[in-house]
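Enquirer: Residue strings, one per chain:
2 protein chains.
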Amino acid sequence: MDTHDLVAVSDRRQQQVDRVLKAFFSDSRYRAEKLGAPYSALWQTLERNTSGGKRFRPRMVMAAYESLGGTDVDAAAHVGAAFELLHTALIVHDDVIDRDFVRRGGPNVSGSYRDIATTAGIPLPIAEHRGMSVAIIAGDLALFNAYRLIDRSGADGILRTRLHDILDEAMFVSAAGELYDVDFSIRAEPPTVDEIVEMERLKTAGYSFEGPLQAGAVLAGAAGEAVDALGAFGRNIGIAYQIVDDLLGVFGDENDTGKTTVGDLREGKRTVLLAHAVTHPEWAAVEGLFGSPDLTAADARRIREVLESTGSRRFAEALARDFANRAWEALVNPALPDAARAEFQPVVASVLGRVR
Amino acid sequence: MDTHDLVAVSDRRQQQVDRVLKAFFSDSRYRAEKLGAPYSALWQTLERNTSGGKRFRPRMVMAAYESLGGTDVDAAAHVGAAFELLHTALIVHDDVIDRDFVRRGGPNVSGSYRDIATTAGIPLPIAEHRGMSVAIIAGDLALFNAYRLIDRSGADGILRTRLHDILDEAMFVSAAGELYDVDFSIRAEPPTVDEIVEMERLKTAGYSFEGPLQAGAVLAGAAGEAVDALGAFGRNIGIAYQIVDDLLGVFGDENDTGKTTVGDLREGKRTVLLAHAVTHPEWAAVEGLFGSPDLTAADARRIREVLESTGSRRFAEALARDFANRAWEALVNPALPDAARAEFQPVVASVLGRVR
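In order, the protein sequences belong to chains A and B.
FYI, the numbering for the first sequence is 1 to 356, going by UniProt numbering.
FYI, the numbering for the second sequence is 1 to 356, going by UniProt numbering.
Note that these hints are calculated values from the structure, not bench results.
Wrong hints could be hidden among the right ones.
For identical chains, the list gives no copy identity; a pair is met inside one copy or between any two copies.
Unchecked claim - 16 Å max Cα-Cα, derived EDC-like pairs, lysine to aspartate or glutamate:
{"no.": "1", "residue 1": "34", "residue 2": "195"}
{"no.": "2", "residue 1": "259", "residue 2": "317"}
{"no.": "3", "residue 1": "34", "residue 2": "287"}
{"no.": "4", "residue 1": "34", "residue 2": "169"}
{"no.": "5", "residue 1": "22", "residue 2": "287"}
{"no.": "6", "residue 1": "34", "residue 2": "198"}
{"no.": "7", "residue 1": "22", "residue 2": "156"}
{"no.": "8", "residue 1": "22", "residue 2": "47"}
These numbers come from a predicted model, not from an experiment.
One chain only, chain A, in its complex shape (with noise of 0.2 Å):
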């Protein structure tokens, strides 16, 4: 396939995954208005938090079942938009955690419901208290509902056990990361590279990789050995698509990525390139600076030299490299088809393209 025709595929993939949303919020829309309008508002909220993603898991779900011949591609788009609306439940639910208002640049569930009461006149304690109060209430909506994504697929019997069982799993290893993440943060010593891999591996990698891709092997009939290799094929590609990720947080390309280079730094994100280098005494002159909210340009740019002098940067980036290879090494199993090579080859070669 050439470029156009991939991005082709990317489109249609996305439109049918958005039709299947756009079906599940229309139908819960209309039971909530019901129930009065503001509950019916606060759904339409929940809806417009789910837009404007990339729609990734969903995606990786429909290129997992696609390329091992699944053709039923409105069942796949339904255990899709299961996945994707237990993403909307995570990201819900970790910005209370955070105390975040604001994600891709808008208010999200806690800001939209946070200003509509500083619109009123609430004080801002109690406003950013009723926003987070609203998004914990608006994340178990879309927790509660992934499962029924997937009866809403078709699949039945033995098939959607072994959906639902990938689905939990997801969910259950997505839980272990986000306590590990939180036990980070009141930790006194800095976590080690280990425990920052494992906790990626965990609050990330598993629900938007592995989980995905094999729930679109399972569906697709694939055989067990061809599911365990898309498996650990998402598991290795996704840790490196979270290191890639956190390295373009510092170093990225604000033009490229779109995202602030400083956001990551002044909130003092734990990621594999801090754990590298507060072992070594340079990291000491900047210490004080990582995590403060006043951060500046010019702070973040003497700590970006440090991670450099220390090698973080670099080590960070052979890691990455390292787990992309892994990932290709499970994807060259002979239990996979050529097409299975061909659908994942290019998700390989964008994340290692993103590092030096």
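Go by the hints and put chain B onto chain A.
Expert: Just chain B now, with coordinates in the frame of chain A:
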């Protein structure tokens, strides 16, 4: 049946549900251990937070099921356990929203994790936030697993879908009630009696009475009319129960209820009593005391006197009786067998017996 038999039936049902939940938590802890001891400890805390309750919702499921002729009590216990897990999830998150760290006299999930942090020397605001963060994760785990307990009941096909629909509706409606409760707390004008009744119906009565009773009836294979009649019974007795609960929270005998009669007044809980009282000029005299964290026993007495003189106590008692009577009317529906009336008549009597 005499009282002794009733207690024996109730104990048997509770044990059956306890067994299902024990197996579920044992399984989850085993899975969690592989992801690290702190995650396993979180599951233990969650299990502890589901223990010690009256298994009220499961017992409703089983009472409906057995009185309508169902004989697979293990299946009913699984469906009941699903509602218990939903209940756990909702109260764990409700406590986060209310910033409560205690339940039934002991630390809840937030409280347990706050206390671990303060013991480790973490400052209180950070420790509290950590407690609440972990409670969000714990509630998510309970919520996400409720469906799965229905799956494990052995119910399949359309039956399973109908049970999922009922559980779904219970959660859907409770989220609306929680939203309105949050909205009342920041709104300038106090809620009306009708708004309070509607909020309590949505937030608690639906998933505590109506849903469990419908689920038990559906699992027993009851006809639509019987399911609807039990649902109507549940809706009305659930509202009556909530109003009585609110009455006992202010006027109850602490030796009987095991609950302080100052707590609700101190936290300014929005109840039918309050909604009625605020429409009377006498309320102005105690308005400043209501909801004060420093409320004394003498202040509470003054508020109680006003609630008597405004007729608010009498009004709430009459309203509770009215809903209990409506519940009884639903129960005399000929679509229901005598066994159902025998089963639930004591529930009506116990609600009526708790008001003067």
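Enquirer: All hints are to be evaluated individually against the structure, with a verdict given for each.
Expert: Results of checking the hints against the structure:
Within a single copy, residue 34 and residue 195 get their C-alpha atoms only as close as 48 Å, which misses the 16 Å cut-off; across copies the closest is 15 Å, which meets it. Within a single copy, residue 259 and residue 317 get their C-alpha atoms no closer than 19 Å, and across copies no closer than 59 Å, so neither meets the 16 Å cut-off. With identical chains, the CA atoms of residue 34 and residue 287 are never at most 16 Å apart, being 54 Å at best within one copy and 34 Å at best between copies. For the identical chains of this complex, residue 34 and residue 169 are inter-copy neighbours only, at 13 Å across copies versus 34 Å inside a copy, given an alpha-carbon limit of 16 Å.
Taking CA atoms no more than 16 Å apart as the test, residue 22 paired with residue 287 passes in neither setting, with 46 Å inside one copy and 47 Å between copies. When the C-alpha separation of residue 34 and residue 198 is checked against a cutoff of 16 Å, the pair qualifies only between copies, where the shortest distance is 12 Å, while the shortest distance within a copy is 45 Å. In this assembly of identical chains, the alpha carbons of residue 22 and residue 156 never lie at most 16 Å apart, being 23 Å within a copy and 28 Å across copies at closest. Only within a single protomer do residue 22 and residue 47 lie at most 16 Å apart by alpha-carbon distance; the minimum there is 8 Å, versus 37 Å between protomers.
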